Each structure stands twice: as C-alpha cells, then as structure tokens.
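Chemist: Listed below, chain by chain, are the residues.
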Amino acid sequence: MLAGGFGFITQVKVKLYLGGVLLICIALLATTTPVSAADGDVISVVFPDIKEPYRSIFEQIIEGIEDEVGKQVDSYPVRTDTNINELKDSLQHQNTKTLIALGRQGLAAATALDNTFKVVAGGVLTVPENESKQRPVISLTPDPELMFARMKLLQPSVKRVFVVFNPDNNGWLIRHAQIAAQDQELQLVKYMAHDLRTAITFYKKFFAEANGRHDALWLPQDHTTVEGSTVLPFVLREAWEKGIAVFSSNASHVRRGILFSFYPDNVALGRSLATLAQDNLRLGGDYNNSGIMPLRDVQSVVNQRTGKHLRIKSRRLRSFDTKLNE
Amino acid sequence: MKVSIVRKQLILFMAISLTLVSWTAQGASPSEEEDLALAYGDKSFISIASGSPQPIAKAPSVASVITAEDIAAIGAADLDEVLETVPGLHVARSPLGYNPIYTIRGIATQFNPQILMLVNGIPITGVYVGDRSQVWGGMPVENIARIEVIRGPGSALYGADAFSGVVNIITKTSVDIEGTQAGMRVGSFNTRDVWLQHGGSWGEFDVAAYLRVGATDGQRETINADALTGTPFTLAPGPVNLDRDAIDGRIDVERDNWRLRAGYQKRDNGGTGAGVASVLDPVGKNYGERISSDLTYHDANFAPDMDFTAQVSYLHIVEKSDLTLFPPGTDFSLLFLPGPVPPGLGPFPNGVIGNPYKWERHLRFNVSATYSGLQDHKMRFGVGTQNDDLYRIQDTNNYILIPTVAGFFPGPRPPLGSVVDVTNTGPFVRPHSRRVTYAYAQDEWSFLQDWYLTAGVRRDHYSDFGDTTNPRIALVWETAYNLTSKLLYGRAFRPPSFSELYNLPNPVLTGNPDLKPESIESAELAFVWQAARSLQANLNLFRYQMKDILRPDTSGIAQNSGRQNGRGVEIEMVWDASSSLRLSGNYAYQESIDETSNQDVGGSPQQHVYARADWRFTPGWFVNSQFNYVAERKREFGDPRTDGVPNYHTVDLTLRKQQRSSDWDIAFTLLNLFDADAREPSPSPGLIRDDLPLPGRAWRFELTREL
Chain A
1 MLAGGFGFIT
11 QVKVKLYLGG
21 VLLICIALLA
31 TTTPVSAADG
41 DVISVVFPDI
51 KEPYRSIFEQ
61 IIEGIEDEVG
71 KQVDSYPVRT
81 DTNINELKDS
91 LQHQNTKTLI
101 ALGRQGLAAA
111 TALDNTFKVV
121 AGGVLTVPEN
131 ESKQRPVISL
141 TPDPELMFAR
151 MKLLQPSVKR
161 VFVVFNPDNN
171 GWLIRHAQIA
181 AQDQELQLVK
191 YMAHDLRTAI
201 TFYKKFFAEA
211 NGRHDALWLP
221 QDHTTVEGST
231 VLPFVLREAW
241 EKGIAVFSSN
251 ASHVRRGILF
261 SFYPDNVALG
271 RSLATLAQDN
281 LRLGGDYNNS
291 GIMPLRDVQS
301 VVNQRTGKHL
311 RIKSRRLRSF
321 DTKLNE
Chain B
1 MKVSIVRKQL
11 ILFMAISLTL
21 VSWTAQGASP
31 SEEEDLALAY
41 GDKSFISIAS
51 GSPQPIAKAP
61 SVASVITAED
71 IAAIGAADLD
81 EVLETVPGLH
91 VARSPLGYNP
101 IYTIRGIATQ
111 FNPQILMLVN
121 GIPITGVYVG
131 DRSQVWGGMP
141 VENIARIEVI
151 RGPGSALYGA
161 DAFSGVVNII
171 TKTSVDIEGT
181 QAGMRVGSFN
191 TRDVWLQHGG
201 SWGEFDVAAY
211 LRVGATDGQR
221 ETINADALTG
231 TPFTLAPGPV
241 NLDRDAIDGR
251 IDVERDNWRL
261 RAGYQKRDNG
271 GTGAGVASVL
281 DPVGKNYGER
291 ISSDLTYHDA
301 NFAPDMDFTA
311 QVSYLHIVEK
321 SDLTLFPPGT
331 DFSLLFLPGP
341 VPPGLGPFPN
351 GVIGNPYKWE
361 RHLRFNVSAT
371 YSGLQDHKMR
381 FGVGTQNDDL
391 YRIQDTNNYI
401 LIPTVAGFFP
411 GPRPPLGSVV
421 DVTNTGPFVR
431 PHSRRVTYAY
441 AQDEWSFLQD
451 WYLTAGVRRD
461 HYSDFGDTTN
471 PRIALVWETA
481 YNLTSKLLYG
491 RAFRPPSFSE
501 LYNLPNPVLT
511 GNPDLKPESI
521 ESAELAFVWQ
531 AARSLQANLN
541 LFRYQMKDIL
551 RPDTSGIAQN
561 SGRQNGRGVE
571 IEMVWDASSS
581 LRLSGNYAYQ
591 ESIDETSNQD
601 VGGSPQQHVY
611 ARADWRFTPG
621 WFVNSQFNYV
631 AERKREFGDP
641 RTDGVPNYHT
651 VDLTLRKQQR
661 SSDWDIAFTL
671 LNLFDADARE
681 PSPSPGLIRD
691 DLPLPGRAWR
701 FELTREL
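Here the protein sequences come in this chain order: A and B.
Using the working numbering, the first residue of the first sequence is number 1, and each one after it goes up by one.
Using the working numbering, the first residue of the second sequence is number 1, and each one after it goes up by one.
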C-alpha cells in the first residue's frame, strides 16, 4: 500500500510537472508575436494624450494598426506642450519610416516634425486644405458614396439628394459627394450657407417643395448648417409630417429620429491606416492615397421607428449593424 | 462579440462627434472634453445599443430600463435601492427578515408573489409561497448589466405571477465586463463586500465570471413593541436582527449560438428581522442557497425571417430556518392565571423552537421563435414545460398548538417538550410537485401607417389546478415624430402556491386543494413624449380589477374570496439641464380599494415621489443626490391602529470618481442624510405596534479597480 501511495504521489508529480510545462508553452505561444511579412518599414503612431472616453477610440485604432502590421507599434501620446525634438529623437531611434498621425494633436505634431517622416493621418474630422494635399488623411466623416448607396437600397425611388453645407468646412466632401451621386444615378442638389439662418431658409425651401418618393435630405457634419436645438427638431418634424427620408453624417442624430447614419469602425480604420502606411491597396478599402478622404470603414445605424413610419420594408431595415427604436 | 464592441464604439463615437463638430466650428483645440452622451446618454438607447442577446419586453408595454451606469451613478449596492426608483414601485418590508415587498400600484401582500422576478428571462420563483425566496438576503448589483421593469399584467408572455409586474435582471456578459475588475465596499453596520469580475475570450469562448463575498451586522433600529409586549417574556424594546453572510457567483460562457450560464447564491446566518411570529428572535438564523443553470441556443437567422431560441434551465432552492419563535422563558399558562389554565400550556425554558427546512427544484424547457416574414406583421410564438418540485421537507419543533378561548397558543410538545422531528408525522407541508405546460402566440400588426395593434394570448395548463388563459392587447399610435401613444389591456394570473394548496392544518394558513388562480385585468393609457432635445416625459394612467384573491377564511383555510380594484397615474421626467447636469424624477398616485371592506387596501403609499440629480462638476467626478417621499399609507382593514402610517422622506448623496482607464474608481455614499425616521408598515393587526424602522443615517465607501 505504501508503494501504491508513492506511486500515486509520483503520478501526481508527473502530472503537475507536465501541466506546468504545458502552461509555460501556452504562455510563450500567447506572448510570441508573429513576424510580419512586410518587415521593412517601421511604423509609429502619434495620438492625442487625452482622457476617456476619447482615449479608447485611439486605442482601438492603434489595435487595428497593430493587427494589420502584425506586431506591436510604438505609439506616442502628444499634447500641445510636447517637446517636438524629443519626439523626433525617439521616433528616429526606433527607425521610424512612416508616421501615422491620429487626431488633431497628432496631426499638429506630425506637421511640426516637418517632413522628417512620411505621414499618414486619420481620426480627424477635417483639415485645412493646404495641409491635406501633402499627405493622405482619412477623415472621420463617412463616405457619401456609402450613404447614397444605402439610401437607394432603402428607397429605390429616390432620385435627388439635397444638402445644405458650408464650403469652408466641407467643400472637399461635397466634391466627393458630387462624383458619388453621379455613380449612384442621383442628382445632388447643393445649397451653400455660411450660417444657421441661411441654412434654415434653405431647409424650409426644401421641405416646401420636396416629394417623399423622389427626394431625400442629407445632413453633413457641420456646425454652421446643422445644429441640435433648432435645425434638427425642425427637420425631424417636417421630415415626419411630410414623409421625407433624412440621413445624417452624424450618428448621434439617429437616436433623435433621423433615419440612418454611419459611424467609424475604429479597428478597421486602424487597419486601413496601416495599409496606407505600408503603401498597399486593398480591395474594399480603396482609399485613393492622396489628400483628405472620407471614411469607408464604418458601421451602420438606423432608427426603425422612423423607417417604419416611412413604410420602408422591414427586411431592408434589418440590414443595419445597429438598430434603434425597435 | 464583435457586434457589441462595435456598439460600444457607437456610444464613444456619439460622444466624440458632438464634441468634434463644435471643435470644427470654433477652431478650438481639442484639449477640452465634454463627457456628454456617455454619462447622460438616453437610457433606452444605451440598453438597446449594448446588445443584449436576450431581447425582452418586445411587446409594447409600460417599461422602465435601469442600466449599469444608472446603478453606479446612484451609488446603489443592492437591488432594492434600484427598484425604489421605478415609478409606481415602492419597496416595503415584511417583519420576516425585512424581506422586501415590491408593491406596484398598490398590489402586494406579505409574501409578495404578485411580482415575477426573472434573471436573464428565467423565473426565480419558489413554489412554496410563490415568492422570490423567504431567505432573500438582498441581491448585489455589480454584475447587473441592466434591469427592465414592466408594470402591469404580463402573463400573456411571461405566465405565472406576472401579476402586478415583471422585473427582469440581465447579468453582465463578457463584453459588458471586458477585462478583470476587483472591488470592495465597506459601510455602516460593519457591512463589508469584496468582489471580482472577469470578462474575456478564452479561445473560441466568451467568458464572464463573477464572485462576491460579503457580510453585514445589519442595522439595529429598535422595535419598541412586538407581539409579546404586555407579557413578561417579551424582548421588546430590542433591536431588529438583520445580520447575514453572503456569497454570490456567476459564470456565463458563450460560443457562436450557444450560451451556458450558472449561478450560485448563498445566504447564511441571516437574522430574522422583527421575527417570523412578529416576536423578536435574536437567536434565530436563516440559511438559503440557490443554484441555477441554463443552456440556451439562439439563432437570429435560424430560417429566413425567423429568430429561434431553445432553452433548458434548472433551479435548485434550499431554505433552512432555525427559529426561536418565542424567547426562552415563554410560558403562556401564566397569562391565564389566576383563572383555570388550559391543559397543555407550560414553560419553554429554551424558547418555542421551530425549524422548517425545504428543498425545491425546478426544471424548465422552452422554445420560442419570432417570425417577420409577413410584411406589416411581427409574430412571436413559444411553447414550454416546467416541473416545480417541492421534493423534500424537514420540520422539527418543540411545540404543539393548544386551542383556548383566547385563540391558539403554543404548549410544550409532549412528552418532554424537547425538539422532535415531525417531518413524517406532522410537518407544515408535505412534498409536492406540479407540472406546467404552456403555449403563447403574439402578433404585432401595422394595420395603418403609424398604427400598430399587438394581440397575444397564452394558455397555461397546471397539473394541480387546471388551465388558465390570459390575453393582452396593445394599440400603439406613433402620433408624431416625438410622441407615442399607447392603449393597453391585459389579464394575468397568480397560481395558488403550495402553501395555499397543501399546508397541513394550522391556524394561520391551511391548504385547500380546490383553489383557482387569482386574476387581474388592467387597462392603461400611456404617452411617451420627447418634449425637447433635453426633455423627455412619460405619463401613464391605469385601472385594474383583481378577483379570486386568495385569503385564509376565519378557520385559516385558503379561499378565493377577495376582490380589489384600483386606479392611478404615474408621471416621469428626464431633463438634461446642461451638458453636465441631469435632473429626473417621477410621481406616482394610486388608490386601491378592497371590495370586501370597501376601504383602502392599506400598506402601499397612495403617493410616491422620487427625484434625482446627476451632476458632473469636473471631468471624471460626479455627484448624485436622490430624494424619496413615501406618503399616505393607510392601515389595512381590521387593523386596530387608528393612526395611518407616518409619511417619510429621505435624501441620499453619492460622490463618485469614475474614469475609464486603469485608475481606481471610488464612490462614497451617505444614505438617509438627514436621519429621517422612516418606517414601513407592519401588517394587521399591528403585532409590531410601531411598524418596521428603516436604517437611520448610514454611509458606504466603494473602491473598484481594473486589473
């Protein structure tokens, strides 16, 4: 019996030992990072040093970048008072060839680094025109082409899309939109406004003449032409009463009754930025590699109550990633 | 799961986009933060966007949703604190362990079987009394993702006990936790809790786990007079006994369309409150254990336009009470002196002892489907079966009840007055089981633009008392872009519990096998109005009629004898006064009449006001204040106390530091800041003469950390 006891203890010891070895192997596997295929360019990231909840957004973008690159990248939080020379030294020490600049602070830091590195930017809404020509920038604003395509899917009879915009903020976006509309066989009717009062007169004009079957309204992300406490309630009421489909570039409007919108898929955006940085073109994420580009890495959100009110088929409403007001 | 992460991104994005738009316009540098939509985002948006795998309350109804963010903001540590904030719902207390009585719209009795409590859609009802548990001991909130409360009858979907309302507690899944969190809490009355939560992926499985261990000495307010007051044996005035130890654990494992959950809940050394017999019992202890598990298969695209769910679930309940119903030294023969003493009465040197133990198990199987293939229709179907089994009883005691001209009194059990096992000879109830099978169907039909008619019915077949059929109809009119109007009608039932059916003869409640369920019919008018971007208001008006209410007759035998009707109104408002200040509150008025006596039912407040302010005074720091006013509670018919229950109002204050990074989150709460003398009514005939005191001023400190 004693021998049996020892035998048992030995068995347990062996099992523990093997178990320990197994655990160590698993741990090693888990922490070993695969070697990336494109190991040549070192990519680093600068992003704004801000608190939550915004920090998570940039962390998710970085996650996507690392996913695409296949290894961890060095990321540097920056502020207005960040020492640019120190930053430049750190980046050069890491052999950085391409810099991904995120957010306004990131872009400002990259600009201050003055062409030391190739720069690709993202996570900003818009940039002044002179800055954007030098480098590819992926905006946070959803690509109008995706929105027009979705509008036609929901309501195939739509022929015209109206938009009120401020050319100082969104001139570049409307140029994209014009081409996208033509591709979708839609007529883009544009009204330029530099302040809310002018914008409201255009909205009133639109609703007075609009036909629910053929016309739809697009609200871009623009503080001078779309605003939450007067413009939006007016648009919501008129749209409901007249049965007009309204979609917005600002996803938070959907909760208030706008029919649908898109919002960034942060991780996918990170992957696209990494791809841009690595100079590859990818199917499905075709950014044209120069100047500021609207975002194609998006998720969709719809207000089902509004959709049902407009008699849109429920099957089409179910095609959205997030559905509100079921 | 990717989808839920993406929904979190949506919330984050909403917060950012609102800010970025203003940055673009003003050219301001992004060093300023505005924590808008996350802290004060619309509740219903967040709960829907967080993507629960078990959508609930799909039928139009009057519902309130309380999210984990709300629970944290008000500094709640227990479910009861959260439920008190629901319009029309007030948490009263029973002398028995201060068990909560969730009274909705004036409908509640001591054991409170009229409200159905679900955890992740699965009932936790015990079959002996039809309540949540007689050894409740509170429910912690750290692991709750959200709570949905439906007021009004819900049997057309949920079956038994969805009488006054339904409370569904949705626990956190791995995406709700995302990482590992450790927390601890200390507070008044030597209350201490420590917990651990983890959410993450283990290979192809998404896992959420939760473990909490806690204990408290409980509040010690004084019971001035109990049922023995006036005799030499009373322990009153004396403190209420509310100590307990608690363990809660939960695991949730998901892979593709499958989800396996298990839960464990133990309450030990639980104090008896003001006593089971309305006699202070500082020695008595309660033990309760609940084990639950369920396996669910859910496929949103099971067939074209069809969402399908199949589920099997198991619940095991153990309740053991070791009670000293009357204190040592009690001798009822002394009360009859100097006259003749009824034979059988005598002294209890160790007190009157009763130790009822019960074991229950419940096994459920159900399938349900939603079909949306027909344009303008959305249909739901479901069938299910369950077995409710009170499978073991143990009863030991040292007394028998002696009938006298003055009523029944305990006398020492012959021959020696020692504790004897009467499980097989004369327990309080014998083991029984029942089987229920049910089927329900519902259709939401959009018969005109903006008009929806929902009609549903459920039929339950009970192996003991037979069948019950419960319909509901709802007419919803999307009146305007910011207004929804609803007209609702429903019927619900509460089946007789095993105590009402099978209790062996005793003077308090004797079972009657020929019972039918209680029934309620209710009609409601409800409005949901988004008055402005920052102001939302709800208004509900209701009427109800209850019949066949189960009550003991003069011999103590349960009968379907009562009728009750009621009506009232609930008003709710949420106002975002600024981007950092939200004010919200509700007012409920109800009037319920017992038709036997034609008087107010008593117990529930006729008026209830709740108000709350949430203020973010600097990024990451929040102050919350709550005001609760409970008023106009009448006495039950037959209660000799001529004064009504005194009104009370309490104020709570919470200071919280909360940042979504690896920092510590801390919260400090002061409850009943002004030390109000708040009391909940003791039942008729007022054996606890001065009602049940709630705690005076108390404090709580909580610390959590992401690991």
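In short, the hints are calculated from the structure, not lab data.
None of these values were measured; they are calculated from a predicted model.
By construction, the Cβ of each residue, glycine as well, lies at the ideal position given by its N, Cα and C atoms.
It is possible that part of the hints are untrue.
Distance condition first, Cα-Cα at most 30 Å in a straight line; then the derived DSSO-like pairs of lysine-lysine [said to hold, decoys possible]:
{"hint": "1", "chain 1": "B", "residue 1": "Lys-486", "chain 2": "A", "residue 2": "Lys-242"}
{"hint": "2", "chain 1": "B", "residue 1": "Lys-486", "chain 2": "A", "residue 2": "Lys-323"}
{"hint": "3", "chain 1": "B", "residue 1": "Lys-634", "chain 2": "A", "residue 2": "Lys-313"}
{"hint": "4", "chain 1": "B", "residue 1": "Lys-486", "chain 2": "A", "residue 2": "Lys-308"}
{"hint": "5", "chain 1": "A", "residue 1": "Lys-118", "chain 2": "A", "residue 2": "Lys-97"}
{"hint": "6", "chain 1": "A", "residue 1": "Lys-242", "chain 2": "B", "residue 2": "Lys-634"}
{"hint": "7", "chain 1": "B", "residue 1": "Lys-320", "chain 2": "A", "residue 2": "Lys-308"}
Covered by chain B, according to a simulated footprint, are these stretches of chain A (three or more residues, beta-carbon under 8 Å) [what the hints assert, rightly or not]:
{"hint": "8", "region": "227-240"}
{"hint": "9", "region": "312-319"}
Which residues of chain A face chain B? A partial, calculated answer using Cβ under 10 Å [stated by the list, open to error]:
{"hint": "10", "residue": "Lys-205"}
{"hint": "11", "residue": "Thr-306"}
{"hint": "12", "residue": "Lys-308"}
Chemist: Hints first: check each against the structure and report whether it holds.
Modeler: Checked hints:
| no. | hint | verdict |
| --- | --- | --- |
| 1 | B:Lys-486 to A:Lys-242 | holds (23 Å) |
| 2 | B:Lys-486 to A:Lys-323 | holds (22 Å) |
| 3 | B:Lys-634 to A:Lys-313 | violated (53 Å) |
| 4 | B:Lys-486 to A:Lys-308 | holds (17 Å) |
| 5 | A:Lys-118 to A:Lys-97 | holds (6 Å) |
| 6 | A:Lys-242 to B:Lys-634 | violated (52 Å) |
| 7 | B:Lys-320 to A:Lys-308 | violated (54 Å) |
| 8 | 227-240 | holds (count 8) |
| 9 | 312-319 | holds (count 4) |
| 10 | Lys-205 | violated (20 Å) |
| 11 | Thr-306 | holds (8 Å) |
| 12 | Lys-308 | holds (7 Å) |
Violated hints, listed in ascending order, are 3, 6, 7 and 10; each of the other numbered hints is respected by the structure.
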